[in-house]
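S.K.: All chains, full assembly: derive it from the sequences and hints.
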Amino acid sequence: MHNNEVRKLPKRTVVIISVICVIAFFIFLFLQFLKEQKITEILSSLGHKNISNVKVVNKLNVEDIQTKMKSSVYKVVFYDNDLKQTCMGFLHHERDNTYTKDLDCK
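Take any residue in the sequence shown, note its place counting from 1, add 142, and you have its number in the working numbering.
I should point out that these hints are in silico values taken from the structure, not numbers from a laboratory.
Computed from a predicted structure; not experimentally measured.
Everything hinted at is true.
Below, in silico cross-link-like pairs of lysine-lysine (DSS-like), each with a Cα-Cα straight-line distance of 30 Å or less:
(1) 191 - 201
(2) 243 - 197
(3) 180 - 226
(4) 180 - 210
(5) 201 - 212
(6) 177 - 212
(7) 243 - 177
(8) 180 - 191
(9) 177 - 248
(10) 243 - 226
(11) 191 - 243
(12) 243 - 217
(13) 248 - 197
(14) 180 - 217
M.R.: Below, the structure written as structure tokens:
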């Protein structure tokens with residue numbers, strides 16, 4: 143029977159790992175905030191100026207079958223304060239840096 147010795151991690155290593163995890167968490171939150179700000183700005187340019195609770199559900203990279211052009215589609219959910227409705231749908235980033243929307247507000 144073999145006795146395997148388990149060594150504890152040094153305190154310095156535990157502290158470094160903890161600091162890296164905290165920094166990574168804050169970077170994730172910051173990037174999420176920037177993405178929501180970008181979507182808020184895009185929605186504002188598309189006519190939804192007074193909105194809140196913006197959430198980017200996901201971002202998909204898509205390719206047009208006929209033209210083989212690649213673009214991005216964002217799935218978003220937000221509350222439109224003017225319409226007093228929750229809107230959900232897609233924002234399609236076109237090749238010429240314009241956006242089209244396919245939103246359903248209820």
